[in-house]
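A.B. asks: This is what each chain is made of:
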Amino acid sequence: MPSATFVDVEVEKVGRVYGRRRALHDVSFRLGAGEAAALLGPNGAGKSTLLSILSTQSEPSSGTVRFGGRPTSPEARAGIGVVAHESLCYGDLTGRENLRFFARLYGVASPNQRADEMLGRLGLDADAADRACRTYSRGMMQRLSVARALIHRPHLVLLDEPFTGLDRDGVAALGRLLVEERERGAILLIVTHDLPAVSEVCQRALVLHRGRLVYNAPLAGRALSDVYQEALPAAG
Amino acid sequence: MKRPLLILFAVLAAAGLGYAPQLIFGAPIESTMGFVQKIFYFHVPSAFMTFLGAFVSAGGAIWYLVNGSPRGDRLAVAGAELTVLFGICVLVTGPLWARKAWGTYWRWDVRLTTSLLLWMIFLAYLFARRYGGAGAKRLSAGLAVFGAADVPLIYISVSVWRSIHPKTSVVSTLGPGMRGPFWFCVASFLFLFLVLLELRLALERSRARLDELHLAVEDHLDANS
Amino acid sequence: MGVLASTMLLVSKDVRVELRAKELIYATIFFGAVVLLVFAFSFLGGERPPVDAVAGILWVTITLSGTVGVSRAFEREREGDTLRALLLSPAPRTAIYLSKLVSVTLLMVLVETTATLLLSLLFQVTLPHVGMLVGLLGLGTIGFASVSALFGASLGRARSRDVLLPLLTYPVVMPILIAGTRGTVGLWHGDAEGLVAAAYWLRFLLVFDAIFVSLGLWIFEPMMRSDG
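Protein chains in written order, with our numbering: chain D, 1 to 236; chain B, 1001 to 1225; chain W, 2001 to 2228.
Just so you know, the hints here were simulated from the structure itself, not pulled from any lab data.
Accuracy of the hints is not assured; some may be wrong.
Interface residues of chain W toward chain D, partial, derived using beta-carbon atoms under 8 angstroms [as the list claims (entries may be wrong)]:
no.: 1; residue: ARG2016
no.: 2; residue: ASP2081
no.: 3; residue: ARG2084
no.: 4; residue: SER2089
no.: 5; residue: ALA2199
Computed list of chain D residues with no C-beta within reach of chain B, every gap over 12 angstroms [as the list claims (entries may be wrong)]:
no.: 6; residue: ASP8
no.: 7; residue: PHE29
no.: 8; residue: ARG184
no.: 9; residue: ALA220
Label-pair ranges, simulated between beta-carbon atoms [unchecked claim]:
no.: 10; chain 1: D; residue 1: VAL7; chain 2: B; residue 2: ALA1223; range: 30 to 36 angstroms
no.: 11; chain 1: D; residue 1: ARG21; chain 2: B; residue 2: ASN1224; range: 17 to 23 angstroms
no.: 12; chain 1: B; residue 1: SER1069; chain 2: D; residue 2: ALA132; range: 44 to 50 angstroms
no.: 13; chain 1: B; residue 1: ALA1223; chain 2: D; residue 2: THR64; range: 22 to 28 angstroms
no.: 14; chain 1: D; residue 1: SER225; chain 2: W; residue 2: GLU2079; range: 33 to 39 angstroms
Predicted model only: the values in this text are computed from it and were never measured.
C-beta: ideal position from N, C-alpha, C; glycine also.
The shape of chain D in the complex, shown without the other chains:
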């Protein structure tokens, strides 16, 4: 299957309603190839909902999402990689088997080779790779999830708090990996509270507050508190 080649992601006036609760309100932004943004905001701001819509898991109640000008489709899905709170991996299978399976599922050429390559890149050594991933430590599981998300060379990578459970070295390694992906031309959107971790990776910050996008500007090495100060002057 040809890999999706969308160059940008365009979110236009996206809204999401759950019964009486408006989770997202008129969110619009655009991210182009090689752009990495940090998605910030207090709890309940709608970050997970937005990621859910961008990953195609749920549909917006209003507005549109376009991948390279085209709406959601299997081809678009082939170009999206997701790192979520859950592992999205089969606990009974080994790391290697999981990666091989997902590589095949996404139509990657030479799936076995690619799986081994990702195992190496994420530092999952031979011993771990052939153990059921249910036995992995939290940090190893996180690395496997990232490997799974990147195995098909996605154009859009969505990460929901990917640094939790990683030690300092792990955070640095993941940061370096994400920079590599960005330089490959992928679009990254990272939900995080850990700004220092993404300071090397993300050039831009998007802040959600009560379902609205209240801030969309370059990060330029500022601290989280500064960004929040600018974005949410009343809340502080």
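Starting from the structure of chain D, add chains B and W where the hints point.
C.D. replies: Chains B and W alone, transformed into the frame defined by chain D:
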């Protein structure tokens, strides 16, 4: 449904059901079963409405699943509730009639058994909708579609199982004096069905409107903060 | 990847997962045996129960085990939220549905084989016309799986999902129970009339399967979408 039409139907239904006993009393007494047979004037129209409710529900469910239409979903739930409601009438009047006519409450006859299963499927619809969690509407819609599609299969399998080939329709064996009252009752029940359907749809519409108002209030407060 | 290739990939993954853990397979087969024994003790009046009852016991055992199997199979997909992982992938929805249908059918075939052998042992039933019996069991299983896999996937994280699955499935699959038991009885009577009846019920099950698998294939994708 427009107000005046609803009121008209309500009046027709009330008048019809009010006058029906008069007609039923005046209708000729059936030879084999005697006076008891007259329960059929309410039993059969209830059965018709049960099946009608099921197909309305399934139709709404398909509309909702394919188009995401909230109106479809409203039809689905309203139809399901009416199926259960009229189903109760069928399942109460049926055994009463059977007891008096044949001595036993339940004889596993084809129509009653099919009605029972249909009733259970749409009762399950209501359970699914209430307790089905996040995807409850879609789950129950799927059940409604499967349930309606199942009806002919249930009917055939039960009738072959009981080795009873479907009799000629109950309706065509009616004596001339009975047809008038029968169709009169069917019409009255139909008006009742439509009135109840509309009332139930209106309730769902109100709920949706209430949600919209909640959202509007929140938006207003947000904008002014 | 086309629907067929995706389905085969997904099925091989399911088989690998189940063989790795084995818990699901062993537990479900054992459950089937236990239920069968419950019936054996209930009917142990000294003599063999009538053919009708034995056929009924077989099909009820299969139905109960099938439900247990389906709900456990989807519980597995909840662990790492892997069903979501599949839905996020470019795999066609119909392939996901078909793969669950096939996986559930395979599991149930194991249970049925055990149950049938155990049954013939406990109730001294000879098994003539094995081919037709296999046909009845196979078609009945596919029909059952087509319905329960759909509901199993849609129940997601609903709190009462363990009770809801049989509640939703059983009324819909009642024709399968009727067809299966009547067909099996016809086979075990062995006379010409019985065989004609069995052939009829085989055709009935074929029609049931055609209708419900088609419906399932069509309706799976809309059902997997998020509620508006």
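A.B. asks: Can you name, in rising order, the numbers of the hints this structure does not satisfy?
C.D. replies: As far as the earlier hints go, only 5 is violated by this structure.
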